[in-house]
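Residue numbers (this note's numbering), protein chains in the order written: chain A, 1 to 200; chain B, 1001 to 1505.
A hint or two may mislead.
Stated by the list, open to error - In the BS3-like style, the derived pairs of lysine-lysine whose C-alpha atoms are separated by at most 25 angstroms in a straight line are:
{"no.": "1", "chain 1": "B", "residue 1": "Lys1378", "chain 2": "B", "residue 2": "Lys1421"}
{"no.": "2", "chain 1": "B", "residue 1": "Lys1377", "chain 2": "A", "residue 2": "Lys113"}
{"no.": "3", "chain 1": "B", "residue 1": "Lys1321", "chain 2": "A", "residue 2": "Lys166"}
{"no.": "4", "chain 1": "B", "residue 1": "Lys1378", "chain 2": "B", "residue 2": "Lys1120"}
{"no.": "5", "chain 1": "B", "residue 1": "Lys1085", "chain 2": "B", "residue 2": "Lys1123"}
{"no.": "6", "chain 1": "B", "residue 1": "Lys1378", "chain 2": "B", "residue 2": "Lys1317"}
{"no.": "7", "chain 1": "B", "residue 1": "Lys1416", "chain 2": "B", "residue 2": "Lys1469"}
{"no.": "8", "chain 1": "B", "residue 1": "Lys1416", "chain 2": "B", "residue 2": "Lys1436"}
{"no.": "9", "chain 1": "B", "residue 1": "Lys1321", "chain 2": "A", "residue 2": "Lys164"}
{"no.": "10", "chain 1": "B", "residue 1": "Lys1172", "chain 2": "B", "residue 2": "Lys1321"}
{"no.": "11", "chain 1": "B", "residue 1": "Lys1121", "chain 2": "B", "residue 2": "Lys1085"}
{"no.": "12", "chain 1": "B", "residue 1": "Lys1405", "chain 2": "A", "residue 2": "Lys67"}
{"no.": "13", "chain 1": "A", "residue 1": "Lys164", "chain 2": "A", "residue 2": "Lys113"}
{"no.": "14", "chain 1": "B", "residue 1": "Lys1377", "chain 2": "B", "residue 2": "Lys1436"}
{"no.": "15", "chain 1": "B", "residue 1": "Lys1172", "chain 2": "B", "residue 2": "Lys1123"}
{"no.": "16", "chain 1": "A", "residue 1": "Lys113", "chain 2": "A", "residue 2": "Lys2"}
{"no.": "17", "chain 1": "B", "residue 1": "Lys1421", "chain 2": "B", "residue 2": "Lys1469"}
{"no.": "18", "chain 1": "B", "residue 1": "Lys1405", "chain 2": "A", "residue 2": "Lys113"}
{"no.": "19", "chain 1": "B", "residue 1": "Lys1121", "chain 2": "B", "residue 2": "Lys1374"}
{"no.": "20", "chain 1": "B", "residue 1": "Lys1416", "chain 2": "B", "residue 2": "Lys1405"}
{"no.": "21", "chain 1": "B", "residue 1": "Lys1120", "chain 2": "B", "residue 2": "Lys1372"}
{"no.": "22", "chain 1": "B", "residue 1": "Lys1169", "chain 2": "B", "residue 2": "Lys1120"}
{"no.": "23", "chain 1": "B", "residue 1": "Lys1374", "chain 2": "A", "residue 2": "Lys113"}
{"no.": "24", "chain 1": "B", "residue 1": "Lys1317", "chain 2": "A", "residue 2": "Lys164"}
{"no.": "25", "chain 1": "A", "residue 1": "Lys113", "chain 2": "B", "residue 2": "Lys1317"}
{"no.": "26", "chain 1": "A", "residue 1": "Lys113", "chain 2": "B", "residue 2": "Lys1378"}
{"no.": "27", "chain 1": "B", "residue 1": "Lys1212", "chain 2": "B", "residue 2": "Lys1372"}
{"no.": "28", "chain 1": "B", "residue 1": "Lys1378", "chain 2": "B", "residue 2": "Lys1321"}
{"no.": "29", "chain 1": "B", "residue 1": "Lys1317", "chain 2": "A", "residue 2": "Lys166"}
What the hints assert, rightly or not - To spell it out: a stretch of chain B is covered by chain A in this simulated footprint if at least three of its residues, at any positions, have a beta carbon under 8 angstroms from a beta carbon of chain A; those stretches are:
{"no.": "30", "segment": "1123-1132"}
{"no.": "31", "segment": "1311-1320"}
{"no.": "32", "segment": "1395-1407"}
Hints are computed from structural coordinates only; laboratory data are not their basis.
Even for Gly, the Cβ is constructed at its ideal location relative to N, Cα and C.
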Amino acid sequence: MKRLLIKIITVVVVLLLGYISFHHWRSCWRFVDQFYATSATRQNELLVLTNGEQGVPIFVVRMLFNKVAYLPWSILQTSLQYFDIRFLQRFVSVVGGIGVYLGFWYFLQQYGKNILLWIVTLLLLGLSIFEMLIAPHNTFGSQIFPFFILFEAISLFGIWQFLKGKYLRMRYMILFILLILSVIYLVAFPNAYQTYCLNV
Amino acid sequence: MKGIIIAALFAIVIFGGFLRFNQISTNPPGLYLDEAAIGLNAYDILKSGRDEYGTFLPLTFRSFDDYKMPGYIYLTTVSMAIFGKNEFAIRFPSALAGTATIIVIFLLLEILLDFHTSTKKYKDIFSLVGALLLAILPWHLLISRGGYEVTVALFLYLLGLVCALAFWKQGKIWLLISSVVLCAFAMYTYHSYRIISPLTILAGIGVLWRNKKKREEAVAAALLFFLLSLPLFIFSITPDGASRFTQTSAFGDDPFIGITRIPINFFIYVKNYYSYYSLTYLFSYGDQINRHQVNNFGLLYIWQLPYLIAGLYFLTKTPNKMLRFIILFLLLVGPIPAAFARPSPHSLRFLLGTIGFTLLTVAGIYQLCMQKRKVLKKIIIFMTIVIACIEFSYYTHFYYVQYPKLAIIDWGGGCKAVAQKIYELRQDYTKIYVDKNVGCVSEYFAFYIPDVHIQYLSPNQTVSSSNGKALYVRPYYGSNSSTHLVYTYRLPVLNKTVFAEFWQL
């Protein structure tokens, strides 16, 4: 019972730190450019890329630099930004970010049989693709809240699973260090989130 | 069957070698600062046995006060003796080591997959897959083409690892000795291995120690390694030896002082450490240093991502403990020295990651191939091959067409042209001045035009007229009367940016 209580308290602390990290983001106007893969931005990129193609036969340039070929690749590259550890450490705290990866790890270990986690993952993917493909918008502050909820869900699942099994004391020790690091990050670098967000 | 495997490996090595050696003198365009310094020192050693500061056969090369490890410079000396003083000679050891690493990763996979019956059956085919993957891997490919010490260090280290694993299987003592010697040589080739090699030896000794029959060998290996690394260890604790750490240290740029530094530094280290596993770093943007990556490409191919995830899944299930241990070890130990430095992540310092991620991708492909649904499996394999070919074509196109133009400044390509022009004009002038703002350090001129005496000027320094007998090379400082302008060098890029102007004074 006591162990369960400690576990719950730990998870609540992780959630709290995640929220403290996240609350800055609500004042953002939008993510920075590398989070978006709208048609207009990609068209500009294609234009820039073709500038370096002097002397190359035109049919090769047309074959390589067209939206059909370039967009899927570009969307894939951009979508990784939403699952990047450097973004997550700013979005849901250091411990939360590592929790997200732990969540995916345990999800894999369970043969991907956790239906709830499938739903959360698919929602996250859908949401990130939606965000990526639309132009920056004014309701950003409220629209990123679902991101927070979904990332936290995976993160807390990961942390919960991490606090199971052998060497429990060591696991708590690692988590404790991560919590301390998260606090240090929040106190020492309060504006770190601005790397990925444009303020109003 | 064995013949086919060897033929296939030969073909892969030839292909990998072609990718690494093709147009190596001109692309990367120019010589990077460190390459020029390596070339200069290697040439001096070849001519007189002394480095640029006059030290006879030094253990470390002072160079830009970064005290370069000696391995690569001595190799370049040999290369210069054969090919002469040129870009090819400087890059040859790196490209050769990069090509040879393809064979070594094949051997590594052969041994690792042989450790358990479950993975033994298909070891040849998956070892070939690993070799092919490394041969075309953007990260390894690009770094192999530059005159980087790390490529040779990686080769030596990996060969050492193969020898250690072979010793574990066969028990032949010469394999253990070779392993220790190779790991020690890696330390003398690149800074990061001053930490990675001892950690590996320590882990190896730990593994050997658990087997009571092999404890004597463990002690002998530890002693041999200690003896071999002693000169470097003694050097490392001197102020000169620590200078490299001080120059690149990730700690100390922010306003935190005193006791608060400890947790902050610890945090910076941890943050740097896990930045090496950042998805955007690996797949989208790399470390944003043009010398380490082709613009718009990450370090790995995007098609590898699902296989890396499958590889992680494989690691959780495989009974081949040695395979799991080595993959995780290579992936986790790589960023340990790199995280101390800035900028982080940095693709050169974490080149060991190429091996870890290649092995993990192979594990993922293995996991897919062991699936029972044959039709689905075939479809996925076919699609992967198609996507991999498309991505590889894109990459090579970017590398050969766009990269030489986009990365010319990063590789000091402009400096070579400036040096050549100065050489052309040298006889018309008694004095030649070069403005430091041009961005070409003395090593470039010492390498390309050693006989021409050049004086460097700070931006504030003025040059008095010498009746047309002096040449002044400077960047474009705005429009001016061009009566004395002799020549303007423009970069061969679309907007023809002015790189340097040659003025007659």
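Do the hints match the structure? See the list:
Distance restraint check for Lys1378 (chain B) and Lys1421 (chain B): the Cα-Cα separation of roughly 58 angstroms exceeds the 25 angstroms cut-off, and the hinted pair is therefore not satisfied. Of the pairs offered as hints, the one joining Lys1377 (chain B) and Lys113 (chain A) holds, with about 20 angstroms between alpha carbons and a cut-off of 25 angstroms not exceeded. About 18 angstroms separates the Cα atoms of Lys1321 (chain B) and Lys166 (chain A), which keeps this hinted pair within 25 angstroms; it holds. A C-alpha spacing of about 22 angstroms is found between Lys1378 (chain B) and Lys1120 (chain B), which places the hinted pair at or below 25 angstroms, so the restraint holds.
About 43 angstroms separates the Cα atoms of Lys1085 (chain B) and Lys1123 (chain B), which puts this hinted pair outside 25 angstroms; it is violated. With a C-alpha separation of about 23 angstroms, the suggested pair Lys1378 (chain B) and Lys1317 (chain B) falls inside the 25 angstroms cut-off, and the hint holds. A hinted pair counts as satisfied when its Cα atoms are at most 25 angstroms apart, and Lys1416 (chain B) with Lys1469 (chain B) qualifies at roughly 23 angstroms. Simply put, Lys1416 (chain B) and Lys1436 (chain B) have alpha-carbon atoms about 15 angstroms apart, close enough for the 25 angstroms limit, and the pair holds.
Between Lys1321 (chain B) and Lys164 (chain A) the CA atoms are separated by roughly 22 angstroms; this keeps the pair inside 25 angstroms, and the hint holds. Of the pairs offered as hints, the one joining Lys1172 (chain B) and Lys1321 (chain B) holds, with about 22 angstroms between alpha carbons and a cut-off of 25 angstroms not exceeded. The suggested pairing of Lys1121 (chain B) with Lys1085 (chain B) is violated, with an alpha-carbon distance near 49 angstroms, which exceeds 25 angstroms. Between the alpha carbons of Lys1405 (chain B) and Lys67 (chain A) the distance comes to roughly 24 angstroms, so the proposed pair stays at or under 25 angstroms and holds.
Our distance criterion of 25 angstroms between C-alpha atoms is met by Lys164 (chain A) and Lys113 (chain A), whose separation comes to about 18 angstroms. Simply put, Lys1377 (chain B) and Lys1436 (chain B) have alpha-carbon atoms about 60 angstroms apart, too far for the 25 angstroms limit, and the pair is violated. Distance restraint check for Lys1172 (chain B) and Lys1123 (chain B): the Cα-Cα separation of roughly 22 angstroms lies within the 25 angstroms cut-off, and the hinted pair is therefore satisfied. At most 25 angstroms may separate the alpha-carbon atoms for a hinted pair to count; Lys113 (chain A) and Lys2 (chain A) exceed this at roughly 30 angstroms.
Pair hint Lys1421 (chain B) plus Lys1469 (chain B) holds up; C-alpha atoms about 16 angstroms apart against a cutoff of 25 angstroms. Between Lys1405 (chain B) and Lys113 (chain A), the direct Cα distance comes to roughly 50 angstroms. Violation of the 25 angstroms bound is thereby established for this hinted pair. Of the supplied pair hints, the one linking Lys1121 (chain B) and Lys1374 (chain B) holds, its CA atoms being roughly 18 angstroms apart against a limit of 25 angstroms. Our distance criterion of 25 angstroms between C-alpha atoms is met by Lys1416 (chain B) and Lys1405 (chain B), whose separation comes to about 15 angstroms.
With a CA separation close to 18 angstroms, the supplied pair Lys1120 (chain B) and Lys1372 (chain B) stays within the 25 angstroms bound. For the suggested pair Lys1169 (chain B) and Lys1120 (chain B), the alpha carbons sit about 14 angstroms apart, so the restraint of at most 25 angstroms is met. Between Lys1374 (chain B) and Lys113 (chain A) the CA atoms are separated by roughly 22 angstroms; this keeps the pair inside 25 angstroms, and the hint holds. For the given pair, Lys1317 (chain B) sits about 18 angstroms from Lys164 (chain A) by alpha-carbon distance, which is consistent with the 25 angstroms threshold.
For the given pair, Lys113 (chain A) sits about 16 angstroms from Lys1317 (chain B) by alpha-carbon distance, which is consistent with the 25 angstroms threshold. For the proposed pair Lys113 (chain A) and Lys1378 (chain B), the alpha carbon gap of about 24 angstroms is at most 25 angstroms, so the pair holds. At most 25 angstroms may separate the alpha-carbon atoms for a hinted pair to count; Lys1212 (chain B) and Lys1372 (chain B) exceed this at roughly 42 angstroms. Of the pairs offered as hints, the one joining Lys1378 (chain B) and Lys1321 (chain B) is violated, with about 28 angstroms between alpha carbons and a cut-off of 25 angstroms exceeded.
For the suggested pair Lys1317 (chain B) and Lys166 (chain A), the alpha carbons sit about 17 angstroms apart, so the restraint of at most 25 angstroms is met. Residue count for the segment 1123-1132 of chain B with a Cβ under 8 angstroms from a Cβ of chain A: 0. That is fewer than the three needed, and the coverage hint is violated. For a cut-off of 8 angstroms, the count of residues in the segment 1311-1320 of chain B with a CB near a CB of chain A stands at 3, and the three-residue condition holds. Here the segment 1395-1407 of chain B counts 5 residues with a CB under 8 angstroms from a CB of chain A, which clears the bar of 3, and the coverage holds.
Hints 1, 5, 11, 14, 16, 18, 27, 28 and 30 from the list above are not met by this structure, while the remaining hints are.
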